[in-house]
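Could you put together the complete structure from these sequences and hints?
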Amino acid sequence: MQTPAPFTYQRAASVEAVIAALAEHDGEARIIAGGHSLLPMMKLRLAQPAHLIDINDLRDLEYIRESAGEIRVGALTRHVDLLRSDVLAKHLPIFADAEMVIADPVVRNRGTIGGSLCQADAAEDLSAVCSAIKASVIIRGADGERVVGMDDFHVGPYVTAVGDGEMLTEIRIPLRSGGGSAHEKVERRAGDWAIAAASAAVWIAGGTIADVGLALSAVGPTTVHVTRAEELLRGQTPSDDLFVQAGQIASEDCSPSSDGRGPVDYKRHLAGVLTTRALRRAAARALQQEA
Amino acid sequence: MAVTESPNLPSPGQERPIGFGRLKRKEDARFIRGQGTYLDDIRLPGMLHGAVLRSPYAHAKINSIDTSEALALPGVAAVITAKDLETLGLAWMPTISYDTQAVLAGDKVRFQGQEVAFVIATNEYIARDALPLIDVDYEPLAAVVDARKAMDPDAPLIRDDKEGQTDNLASATWEAGDEDATDRVFAEADVIATRDIIYPRCHPAPLETCGMIADFNPTSGQLDIYNGNQAPNVHRTVYAHVAGLAEHMIRIRCNDIGGGFGNKVPVYPGYVCAIAGSIVAGVPVKWIEDRSENLMSTGFARDYVMRAQMCAKDGKITGLRVDVIADHGAFDSTAQPTKFPAGFFHICCGSYDLQASHVKVKAVYTNKAPGGVAYRCSFRITEAVYLVERMVNALALEMGVDQVELRNRSFIKSHQFPYETTTGWTYDSGNYAETMKVAMDIAGYDDLRREQAEKRARGELMGIGVSFFTEGVGAGPRKHMDILGMSMNDGADLRVHPSGRAVVSISAQTQGQGHETTFAQIVAEELGIPPEDIQVRHGDTDRTPYGLGTYGSRSTPVSGAAVAVVSRKVRDKARLIAAQMLETRPEDLAWEKGRWYVKGDPEKGALIEEIAARAYSGQSLPEGMEGGLDAQVIYDPPNLTYPYGAYIAVVDIDPDTAQVTVRRFIAVDDCGVRINPMIVDGQIHGGLAEGIGIALMEVITFDDEGNCLNSSFMDYLIPTALECPDFELGQTVTPCPHHPLGAKGVGESPNVGSPPAIVNAVIDALHQTHGVDHVDMPCTPARVWAAMQGRPEPPQ
Amino acid sequence: MQATVNINGQDVVRDVEPRTLLVHFIRDTPGLTGTHWGCDTSNCGACVVLMDGQPVKSCTTLAVMCEGHEIRTVESLEVDGRLDPIQMGFHEMHALHCGFCTPGMLMTTRALLNENPDPSEAEIRTAISGAICRCTGYKNIVGAVRWAAEHEATHSQAQEV
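Just so you know, the protein sequences line up as chains S, F and C, in that order.
The numbering of the first sequence is the numbering used here, which starts it at -5 and goes up by one.
The numbering of the second sequence is the numbering used here, which starts it at 3 and goes up by one.
The numbering of the third sequence is the numbering used here, which starts it at 302 and goes up by one.
Just to be clear, a hint being listed does not mean it is correct.
Quick list of the computed label-pair ranges, beta carbon to beta carbon [said to hold, decoys possible]: (1) C:E416 / S:D235: 43 to 49 Å; (2) C:D329 / F:G630: 41 to 47 Å; (3) F:E453 / C:E422: 17 to 23 Å; (4) C:H452 / S:E60: 55 to 61 Å; (5) C:P331 / F:L724: 34 to 40 Å; (6) F:K595 / C:G332: 38 to 44 Å; (7) F:R32 / S:P215: 49 to 55 Å; (8) S:G135 / C:E416: 37 to 43 Å; (9) F:D162 / S:G135: 58 to 64 Å; (10) C:G354 / F:L724: 48 to 54 Å; (11) F:E453 / C:D419: 29 to 35 Å; (12) F:L724 / S:D145: 46 to 52 Å; (13) S:P215 / F:D162: 40 to 46 Å.
Pairs of lysine to any residue, SDA-like flavour, derived with a Cα cap of 20 Å [said to hold, decoys possible]: (14) F:K26 / C:D385; (15) F:K315 / F:M153; (16) F:K28 / C:N417; (17) F:K26 / C:T427; (18) F:K318 / F:A435; (19) F:K26 / C:E368; (20) F:K164 / F:M153.
These aren't lab readings, by the way, just hints derived from the structure by calculation.
C-beta: ideal position from N, C-alpha, C; glycine also.
Quick look at the structure:
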């Protein structure tokens, strides 16, 4: 088996300790949580951090809480817990949709939402989910905390707004009435990265779409936020024709590259099909809720 | 005899059959406890670890190699390059195809992943740390990646190491059948179907990768090797030849092997490096490849580019012609019998009563890993059956005839066996129509067609694909076949101890096929000794007879026959001893399992354990007879055996995303007599899963520069439990007339028969609605979608 | 650095590099070579062990990360000569050929049954979708888990395997 290059290691007892250690190692340290994005890259020697900061003891960062019109998810929350959460199932079924198709059940026992978001692979599902549900992330550094929206969070392939001396601690999701959400993904085989995936969230009030979030995985250098389709949908009465039109826009506005998973035209086609499907299901869920 | 479903449960009172039947496996005891001994489990005192530096380029000159920095890393004992091997005469080694292969690259690298240097260090982590410290000065050259372009006049010459080699031809065109007769048949045909069909490169990828521990003792000259390989005796002969060591001083032990599937047949450069390392370092050296090395450098499978035509007259298939370009990679290391450079591909005449056929195969070199014959292929029969079964469906489409109807009309009829095919095979026995019918009944074929029509009316896509294969296994008769000049005969030694318990030593080499159970069952069937009292000895060249090992489904046809014959020899000797014990003549005795008894007086008999005790005792034995109760046999099969089967795949295709799901898979196999139906069924399940992988997702591809794009399990996708349906098995039993047990062998049949059934189903789903009449594997969503748009994309 | 990893109820203390993977730490412990490895990219599941009762891929975990946790390997299934029902199920239903994926499959399915004593075929297939078997085609593994589920309650005597 391939093995990582040597590094030094510490276990952090607090977020402050993490921030301090990051500063001390001046860009040469990486945080390790579940490790299922980082360690494979280290074994292939594509990543060779000099120092690892293990945050798995920060159990205070594992939570899914509903309060004051918001859901707050700690960055260390494991995929398996997101999948099984009753709170999320009730308000944001998009999480269960996505988690069922993220990696495999064994990897989901260790991988975390913070780790997935920070790895920032364009094909990563939770990044699109968080964009669609209008989440923000809390980033903590030596100077305190800042709140960052998903558009600003996704900077580029494998690059996020989290700076060298900073750490992602929480994901915050606003809760509004009349919401429904869904995630649709196509992959070559169970557990594979997406060929394309679409996350959709709609909020329906008085029979029309009050707000909508639409984001795509794996069809751009980073998560694609399909703002033009959102503009089309806002204020409209939900209908299949409308969702098909939104899908058409999604397929035009993404920028997939050709690779082993598929050529450009197929990925564009999928982006459209999956957008339509995700919107259909999100709307159906929203309408059930409303009733 | 037809049975619709083989339940995988014991019948009451049949828990522990003495002989054939559903016997639970003896080898399970250690595996379920995690006590198997696989290669990486073995630690020897003083052992060092090896790691291979591999070329990043597909084709490049090597100007220099500087190992000094690597040597300076604490914990590194040695770094071996081609120069060092040259002094030992080991820089190049012979291959099974009479080519040569570089053990470590000296002048050039010829495929990405080729071995360039070998580090030996205290542990595996340090050995791998040393690899990037080796400085190789490469000068990249243009690479040839497409087999169809390998023979272009401006293609770069890959094998400039070979005297007189001026192009990339690896093996000149080999032909079978009759070209003139075939031309005449085609001229008279009513319908002709033409297809360009590719069987893409895939990989056996057993879960345990390849490796070796080599332990050379310079004082005694003994070389002890631990190595999971499928043909330990052949390997020993090769090493004796290559390393100039005395063959009887080489001992190869295979212990437990985590899957082979043909991947563990070849001798790999890493093995020779480990041996050289042990000779140089004077201690045991362990080398185990990682998964990327396994996928990038070890024996791949298939990679056949085929152009075929099939014709029909008066509603029946009459002729077939095929022209193949075989991609052998940078060195020709395919494994097949000597006179068969295309293996048994010319069994592509299939299960049909053709009037004529003609087959041409030529092999080329490309800048890719060497190999081609692997992955349960029965020596290229996977390619042959894929070709013929795809063509039958293509022809059926042209004729507007149902795929089953055309087969039933064209099958070889049971009264025609033994049947000599137009390419020189003599099929032993068969009742194809019956097997086809059993499959149709299990599948509910007519109901499926109705369901398909209903779905189509609603815009849903569903396909039903059939494949009917006949393959030839159990190589082979010494008059026809040898590998590297060694006859393909296998031995069996049977020793019955004074207590009546027995040890049978065989040259077959299990990698999961259950030999410790099934071979004990053969002896049990013949002698009536309970299988738990029979030890099967294998995997140690010091303690087993010579034989060519396990691949090509040959264990049951060859070693199984050997064990039956040797058991009968023992039984015959036992008869003579029993006659003396019972004070009668041998001809007055009859046999029932476990005892000889007097025909006129059945109460009077001698149990096999009583006879064994007598054979070793001081009491008298028949005049001139030696004591003991053992025998030895080397079995020369008179022919191959020809298992066959009818497979039906039912697929659903998402009309928008083009994802293919195998909803059902019905497999009815006829492998003659079944020694252990549970194990037979298990082999079939496993091969069907591999067939799903090959048909839908497994492929090794390269970019134009020869970079391998599928060198990890992230991109070489193997089916999980979610992609495999609950397989539905049936059986017919048509015994092999020339095999002592009537058995034929089955290990590769499911891999042979399933990919065409699945691809035929995909085309069946898309033909009426989208006009698709061809698609190449793997049928990934992207490729199926392209076919639905009217442009089937061939793999690279 | 010194790592203390509790494996099968016993503390194993060894001086290791931080980069030592849990799978290697386990396999370097005498008598514990039952946990295997088969890939480089956390796909194959041959290395699955239980950490605090949950299946994890030991090739994608550092030994030093496991201090303070309980690791259980395949060697822990048999207790005082009694095989676990899941081990019996694999034997009864012929759910293994070469045996290389078997420890990982056993630990994954043992954990499944601990959480879900009566899993459906679909639930079983999903639970083992993180582990690859090249030999069995999975059908008999599903059957083995169902056998174990059905026999868990009645399973008590020492077995002869």
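So, going through the hints one by one against the coordinates:
Between E416 (chain C) and D235 (chain S) the Cβ separation comes to about 44 Å, which falls inside the hinted range of 43 to 49 Å. The hinted range of 41 to 47 Å is satisfied by D329 (chain C) and G630 (chain F), whose Cβ atoms lie roughly 46 Å apart. At roughly 22 Å, the beta-carbon separation of E453 (chain F) and E422 (chain C) lies within the given 17 to 23 Å, and the hint holds. For the hinted restraint 55 to 61 Å between H452 (chain C) and E60 (chain S), the CB-CB distance of approximately 42 Å leaves it violated.
P331 (chain C) and L724 (chain F) have their C-beta atoms about 37 Å apart, which keeps the hinted 34 to 40 Å range intact. A hinted range of 38 to 44 Å holds for the C-beta pair K595 (chain F) and G332 (chain C), which are about 41 Å apart. Checked against the hint of 49 to 55 Å, the C-beta distance between R32 (chain F) and P215 (chain S) comes to roughly 51 Å, which is consistent with it. Checked against the given bound of 37 to 43 Å, the beta carbons of G135 (chain S) and E416 (chain C), roughly 39 Å apart, stay inside it.
A C-beta distance of roughly 59 Å is found between D162 (chain F) and G135 (chain S), which places it inside the suggested range of 58 to 64 Å. At roughly 24 Å, the beta carbons of G354 (chain C) and L724 (chain F) sit outside the given window of 48 to 54 Å. For E453 (chain F) and D419 (chain C), the hinted distance range of 29 to 35 Å is satisfied, since their beta carbons lie about 31 Å from each other. For the hinted restraint 46 to 52 Å between L724 (chain F) and D145 (chain S), the CB-CB distance of approximately 34 Å leaves it violated.
Taking the beta carbon of each, P215 (chain S) and D162 (chain F) are about 43 Å apart, inside 40 to 46 Å as hinted. Restraint check: the Cα-Cα separation between K26 (chain F) and D385 (chain C) comes to about 17 Å, which is no more than 20 Å; the hinted pair holds. Taking the CA atoms of K315 (chain F) and M153 (chain F), the gap is near 36 Å; set against the 20 Å cutoff, the hint is violated. In summary, the hint linking K28 (chain F) to N417 (chain C) is not supported, as the alpha carbons are separated by about 30 Å, beyond the 20 Å threshold.
Distance restraint check for K26 (chain F) and T427 (chain C): the Cα-Cα separation of roughly 27 Å exceeds the 20 Å cut-off, and the hinted pair is therefore not satisfied. Pair hint K318 (chain F) plus A435 (chain F) holds up; C-alpha atoms about 15 Å apart against a cutoff of 20 Å. Distance restraint check for K26 (chain F) and E368 (chain C): the Cα-Cα separation of roughly 40 Å exceeds the 20 Å cut-off, and the hinted pair is therefore not satisfied. Among the hinted pairs, K164 (chain F) with M153 (chain F) is consistent with the structure: their alpha-carbon atoms are about 16 Å apart, no more than 20 Å.
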